[in-house]
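Peer 1: Protein chains in written order, with our numbering: chain A, 8 to 353; chain Z, 8 to 353; chain E, 8 to 353; chain R, 8 to 353.
Wrong hints could be hidden among the right ones.
All copies of an identical chain are treated as equivalent in the list; a pair is satisfied when it fits inside any one copy or across any two copies.
Derived DSS-like pairs (lysine-lysine); straight-line CA-CA distance at most 30 Å [said to hold, decoys possible]:
(1) Lys46 - Lys275
(2) Lys275 - Lys39
(3) Lys256 - Lys275
(4) Lys46 - Lys196
(5) Lys196 - Lys148
(6) Lys148 - Lys132
(7) Lys256 - Lys196
(8) Lys262 - Lys275
(9) Lys37 - Lys262
(10) Lys37 - Lys256
(11) Lys46 - Lys132
(12) Lys39 - Lys132
Since the hints were made in silico from the structure, they are not lab data.
There are 4 protein chains.
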Amino acid sequence: MKDVSVAILGASGYTGAELVRLLALHPSFKIKVMTGDRKAGQSMDSVFPHLGGLQLPDLVAIDHVDFTSVDAVFCCLPHGTTQEVIAALPASVKVVDLSADFRLFDVDTYAQWYGHEHRAPELQKQAVYGLTELARDAVAKARLVANPGCYPTSVQLPLIPLLQAGLIEAADIVIDAKSGVSGAGRAAKEANLYTEVTEGMHAYGVASHRHSPEIEQGLSQAAGAPVLVSFTPHLIPMSRGMQSTIYMKARNGAKAADLRARLAAVYKNEPFVRVLPEGVVPHTRHVRGSNHCLMSVFDDRVPGRIIITSVIDNLVKGASGQALQNMNLMFGLPETLALAQQPMFP
Amino acid sequence: MKDVSVAILGASGYTGAELVRLLALHPSFKIKVMTGDRKAGQSMDSVFPHLGGLQLPDLVAIDHVDFTSVDAVFCCLPHGTTQEVIAALPASVKVVDLSADFRLFDVDTYAQWYGHEHRAPELQKQAVYGLTELARDAVAKARLVANPGCYPTSVQLPLIPLLQAGLIEAADIVIDAKSGVSGAGRAAKEANLYTEVTEGMHAYGVASHRHSPEIEQGLSQAAGAPVLVSFTPHLIPMSRGMQSTIYMKARNGAKAADLRARLAAVYKNEPFVRVLPEGVVPHTRHVRGSNHCLMSVFDDRVPGRIIITSVIDNLVKGASGQALQNMNLMFGLPETLALAQQPMFP
Amino acid sequence: MKDVSVAILGASGYTGAELVRLLALHPSFKIKVMTGDRKAGQSMDSVFPHLGGLQLPDLVAIDHVDFTSVDAVFCCLPHGTTQEVIAALPASVKVVDLSADFRLFDVDTYAQWYGHEHRAPELQKQAVYGLTELARDAVAKARLVANPGCYPTSVQLPLIPLLQAGLIEAADIVIDAKSGVSGAGRAAKEANLYTEVTEGMHAYGVASHRHSPEIEQGLSQAAGAPVLVSFTPHLIPMSRGMQSTIYMKARNGAKAADLRARLAAVYKNEPFVRVLPEGVVPHTRHVRGSNHCLMSVFDDRVPGRIIITSVIDNLVKGASGQALQNMNLMFGLPETLALAQQPMFP
Amino acid sequence: MKDVSVAILGASGYTGAELVRLLALHPSFKIKVMTGDRKAGQSMDSVFPHLGGLQLPDLVAIDHVDFTSVDAVFCCLPHGTTQEVIAALPASVKVVDLSADFRLFDVDTYAQWYGHEHRAPELQKQAVYGLTELARDAVAKARLVANPGCYPTSVQLPLIPLLQAGLIEAADIVIDAKSGVSGAGRAAKEANLYTEVTEGMHAYGVASHRHSPEIEQGLSQAAGAPVLVSFTPHLIPMSRGMQSTIYMKARNGAKAADLRARLAAVYKNEPFVRVLPEGVVPHTRHVRGSNHCLMSVFDDRVPGRIIITSVIDNLVKGASGQALQNMNLMFGLPETLALAQQPMFP
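Just chain A, with the same shape it has in the complex (with noise of 0.2 Å):
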C-alpha cells in the first residue's frame, strides 16, 4: 500500500485530534503537517497530551504550509473560513471538509443561514456531500467531498431509505436530538464550562439550528418534494454521543415492522450501520468512540404513528470517523482501514 501524505488543517480542535487518534492505526495515511493557527508552534503533545506518544508533526499556520507534496486535507476550520483556504489548494490534493461550507448545494441557502455570500460557489458544485453509505460511488470519485454535520448524519441515515421507499410521511417530522458537549468544540466558552454543563441539560438553537437545512436538503431530495422539519438539539451532559429521537406519520398503513425491514434490507452489508431488533434501545454509549450507527423502529401507541432512534458519536461517524471513511474511498482503499476500533464500554 502506498503511502499518503495527509494533511490537517485546523488540527488543534476536538474533530483534529480524533483524526489524529484514528490515523494512528492506518497502514498509509501518514500525518505530515497539521496546522493550527492560535497555536502555531507547538507541539501536539503540549495541544493534546493523549497524542503525546506518537511521532507527529508541530503544529505550523496554514499560511506556512507546502501543500505541493500534500496527497490529502483534512479540513477542520471552523465554517466561512474554510472556503477561500480549500480554493487555494492545488487540484492534485483531495479533500474532506468538516465544516459546513460546501454541505449546502444552493449558495442561496447557504448565504441565508450562514450570513454571508459563499466564497467559492463554483467548487460548491464540484461537491459531493458524503454521507458514505448512501454517497458511496460518487464519493469514491470526488476530488472535494462535504462531510455531513453530526445531527444530519443521524436523521439522514435512517429517514432517506424509508423516505425513498415511501414508507412515512414527509409532513410534520419532529427530530428531538440529544448530543455530547464535545460538539461545541474546545473553545474557551463560559457556557461549556464543566460546573454549567454538568448534571444538568437545555434545549438550544430551538426552530433555529444551521443543521436544519442541511437534513431538510437531505429529506427533500428523498422524498422528491420539499420537506420541512420540527429540530430541536439538546445538550446533555456527556463529552461524546448523539441520539435523534424521530417522529413520523407511516404512510399506507406500514408498520414498524415494515420501516425495520427496509432499512435492514438497504445497511444489511454495512461494516459500520446496525438496525436493531425489536424492541432493542440504541445507546449512545454503545457507539463511543467508534464509527458506528445503530438504529432501532417502533410504532407508536399512537396508531399509525412511528418513532426512530438513532446513536452515533458525535466525533466519529459524526464528524472524523466518516471522514476517514470517505478519504478512504478516494482513494481506493478499504473503507474501514483505520476504523475497526471497537466502542469503548464503560
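Dock chains Z, E and R against the given chain A, drawing on the hints supplied.
Peer 2: Just chains Z, E and R, lined up with the frame of chain A:
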C-alpha cells in the same frame, strides 16, 4: 403554629430522603415515624449519611407503627403496595401518596397498565389528583391526595391551560421527555450503575411508559375529548432534573406569543411556576433542588407548529416538593412552607 | 430583627451567586447592592438564571456604588484587586473578604506568593482570620474578616486542635487534597471545559499552591513552631466538594481513638462540624450544599501513623457559607441563620 | 502468524468485555470460548451491546467448556474462585489470571488477607507476577502469569526502579490513590449506583485495602528489606482511570531531576510507559482506553521530599491491557499487538 406529627412510609428511598431534607426547615411538621422495611432498625444517618445532623427516629417496619398519634402520612412506597397500606390508616390521618396507586381515576385503566386489579377502588374515588397549581381548592379539602408523577407534572403544567383555552390541537402531541437517574430510585440494578449511565443516554419505555395514561387522563379532561400522546422518556446522565420538550400544532393561527401570554396569565401569581420571556431557554440545572417549574414557548420553523420546553427537579416538584406543597394546603398552611430553598447551582 | 443592608462585590462569580442563594433564607440581611464589573447593567437572572425567582438589584460597576447606606460587604473579588477596594470603604461597613488578600498575617509572605507588595498593610493588621469555630470571639468583634481558603478550612479544622494538644507531629504532614471544579471559578478557560474535565482527574499546583502558606500559618501557630507541609491539590470531576486526606505521625503513642476523642470534645457543640465514629468514612456528597464539615480519624497500618479525612462543600463552608457564618457573628446574630439548609443528595 | 484459540473466563464483567474490545484488533488471537455462569446462554451483544458488531461465541457455563482445543486462557473470575479452576486446566494451556489469586508469593499472606487457605499452593510457586516492563523475561517463559492489580501497577512502575537504585527511602512512603468506578466491577450494588457516585468522592478501604500486601511485596523485593506502606484508595466519579500520588523521601540528597533521569533511562524504550518532562502533570484522561502509564516526578516544597504522580487506565494497563501484553509475550509475539489504540479524549 401547631405541631403536626408526620410519618414517612418508605423513607429509605430517594423521595423519602428528599422529604426529610425539605422538612428540616418546616416550622410545624415534625417527623415522628419513618418506615423502611428492608432497613428497619437502622438509623437514618446510616442509610442517608447526608441527613446525619438531624434528630430523626430510626427506621421501623411499617407493621410496627402506631398511627393513632400521627396526623399526616407521606407514602413513598412502590406502586402496587400502597393501596392496602393506605386503606388501613385511621380516617383522621391525611395522606399524600407519591406512588402511582391513586392517580388514575379509572380503575380499569389502572389494572391494564399495572397488571392487577385495584385493591382499594372506594378509596380511589376520594383521591384528589394533586397537581397543585391546577387543583388547589380540591387539594385543600382532600384527605387523600395522589401526588402526580414527575413526567406528568412537567407536561400538564404547560399543556392543560392551553388545551382548556383551545389554543392547541389535542391530536399529534409529541412529548420527548428526559429524566435524571434518581427517578429510577435507589434499588441496586446493573442498568443504573454509574459505569452504565455516565457519559451516555438512551430512550426507554418507548411507547409503553406507565406515565402515558396519567398524562392522557389530564389532557383529555382539559380537551374535553380523549387524547392520545406520543410520549418517549430518555435517561440522561444526571442525578436530578427533568425536561419535557413538547411538539404540537397551534389552533386558529395562534402563535407562540399567544400561548406564552396565556400561560403567563395563568401562572402570574404562582410562587413556583415561571413562564420565561421569548427566547429564553430553561435548563434543568436552574431548578435543581427547588420546587420550581420553568417553561418556555417557541414558534417552530414549520408554520403553525409550536415547541414548549418545561423543566422541573424530578425529586422536588416532580415528587417530594409537590407532596409537601399539597400537605401544606391540606393543613391550611401557606403552601410555600419549607419550599423556599433556592435552586443549587453549580 | 433589624434589617442589615448588604452589598456583594463580585456577584457574577460562583461565590457571589452562592451567597445570594443562602441569603434568600436570611431574615434580616437584605441584598441592596451587587457589583460585577464585566456584567454591569445586567440583571442577576440573566447572569444566574437559577436565581431568577428572587427580587434582586441589577449588577452595577463597583465605582458606581454609594456605600453610605450599606452595613455589610461580602467581597468576592479576585485576590490582588481587593485590598484597595476594601481600604476605600467607609469605616462603618463590616466586611468579610472571601479573597486571599488579608489571610496572610505577614505581608512579606503575601508578596512572595502573590507577586506584588501588599497594598493595605495597615488594614491587614486589623483583619481577623475567620476560621469560625476556632476564632469565634475574635470574629464577633471584627470589622474585617479574612475568610479562610477552602483547602485551609478542610485542613485546619482537624489539625489545629491536634497540634495544640500535642497529639501529632508537626513534621512530615502530607495533605493530599481533592477539589470540585467550582473552585476554579466561572472564568472561561479551556482547561475547565466540560470536555476537558469530565471522566478524568489530575494533580495541579504540585508543591506550589498558594494555599500552602495559609495552611502553614495556621499550623505553625498551633504547633508553636514553624511547620512546612507537603500539600498537593487535585481537580476532581465534580462541581462541588472538597476532601483532604491527611497523613501524619502520632506523638507519644497516641492512637486514632485518642485523636478522635479530642476532636469530638472540641467540636461537640458545633452545629456545622461533625467528628464521625470509628470506621465511618465521610463523602463529599454528604455535605453538598451545606455548611457542614465532616471528619474521620483512622489508625494507619504503619504503626504510629494516622490518617484523617475531612470533607466540606468548597463553595459553602469553604467560601460563602463560612462568610455568612462570620457575618452573622459580626452582627451579633445566631451564626446558623440562613445556614440550616441540609445537604442535597442525590 | 498462527491462530491462537483463546478462552475468556468470566466474560460478563468489565475486564472480560475490555479483553474482547482489545482482541477485536488482534491478528492471531481468536476468541473461541467465553464463560459467564450467571449469564450462560446469552449472546455477548445482549450482555454488552457495544460489542454487537463482532462475531462472538455465546456465553457458556464454565463446566461446559472443553479446554482441549484452547491454547490461551484469560481468567477474569473473582478472587477465591480462580485457584481450583486454573488448577484443573490442561497443562498445555497458557494462562493469564486477572484475579488476585496468584499474586502473593506467600500463601500465608494470602490466607491472612483473603480469609481462606490457598487452594493451589503448588501452582502458586510456578506463577510469574506479570508487571510486564519489570518482568519481561520471566513472563515470556511462564505458563501462568498473575496479572498485577491496578493500584499495584500504578505504584510499582515508578517506585521499584527508584528503590532498586537506592534513590528513595523505603520508610514512610505514602500512597494516595484514586480510582474510577469500573474497578468495582459490574455487580449491582447500591453504593455504585450513578446517583450514589456522581458529583462526589470518598476514601474507602482506609488502611485495609487488599492491594496493600501486593504493593508491599514488590517494594520489599526492590528495597531488599520489608516495606510497609501507607495506602489509601479513593473512589472518583469517573468510569475509568487511576492515579497514584506518592509521597516519599529522597536518599542521599537526590532531587526530582535525579529520580526522573533514572526512570527515563529505565523506561526509555518502553512503548507503554512515559516519564514526563519536568513540570508536566499527567491526567488520567490522557491514557483513557490505552495501555499507557504516564508518570511525573516533583520536588516537594519540604526539602528532601519527593512527589510522584502516575496514571493508568485501570481497565487496560491496570487489567486487560497488561494481561494481553503478557499473553502476547507468552506466545512469542510482539507485545504491542492489539494494544496500539491511542487514548480516547475527550
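Peer 1: So, for every hint listed, does it hold in this structure?
Peer 2: So, going through the hints one by one against the coordinates:
1. With identical chains, the CA atoms of lysine 46 and lysine 275 are at most 30 Å apart between copies only, with a shortest distance of 28 Å across copies and 44 Å within one.
2. In the homo-oligomer, the alpha carbons of lysine 275 and lysine 39 lie at most 30 Å apart only across protomers (25 Å), although the nearest pairing inside one protomer, at 37 Å, exceeds that limit.
3. For the identical chains of this complex, lysine 256 and lysine 275 are intra-copy neighbours only, at 24 Å inside a copy versus 37 Å across copies, given an alpha-carbon limit of 30 Å.
4. For the identical chains of this complex, lysine 46 and lysine 196 are neighbours both inside a copy (18 Å) and across copies (15 Å), given an alpha-carbon limit of 30 Å.
5. Proximity of lysine 196 and lysine 148 under a CA criterion of 30 Å is satisfied in neither setting, with 40 Å inside one chain copy and 43 Å between copies.
6. Taking CA atoms no more than 30 Å apart as the test, lysine 148 paired with lysine 132 passes inside one copy only; the shortest distance there is 14 Å, against 63 Å between copies.
7. When the C-alpha separation of lysine 256 and lysine 196 is checked against a cutoff of 30 Å, the pair qualifies neither within a copy, at 39 Å, nor between copies, at 35 Å.
8. With identical chains, the CA atoms of lysine 262 and lysine 275 are at most 30 Å apart within one copy only, with a shortest distance of 20 Å there and 45 Å across copies.
9. Taking the closest pair of Cα atoms, lysine 37 and lysine 262 never come within 30 Å of each other, the shortest separation being 48 Å inside a single copy and 40 Å across copies.
10. Taking the closest pair of Cα atoms, lysine 37 and lysine 256 never come within 30 Å of each other, the shortest separation being 47 Å inside a single copy and 45 Å across copies.
11. With identical chains, the CA atoms of lysine 46 and lysine 132 are never at most 30 Å apart, being 33 Å at best within one copy and 46 Å at best between copies.
12. For the homomeric pair lysine 39 and lysine 132, the shortest alpha-carbon distance inside one copy (29 Å) is at most 30 Å, but the shortest distance between copies (51 Å) is not.
This entry does not satisfy hints 5, 7, 9, 10 and 11, going by the numbered hints stated previously.
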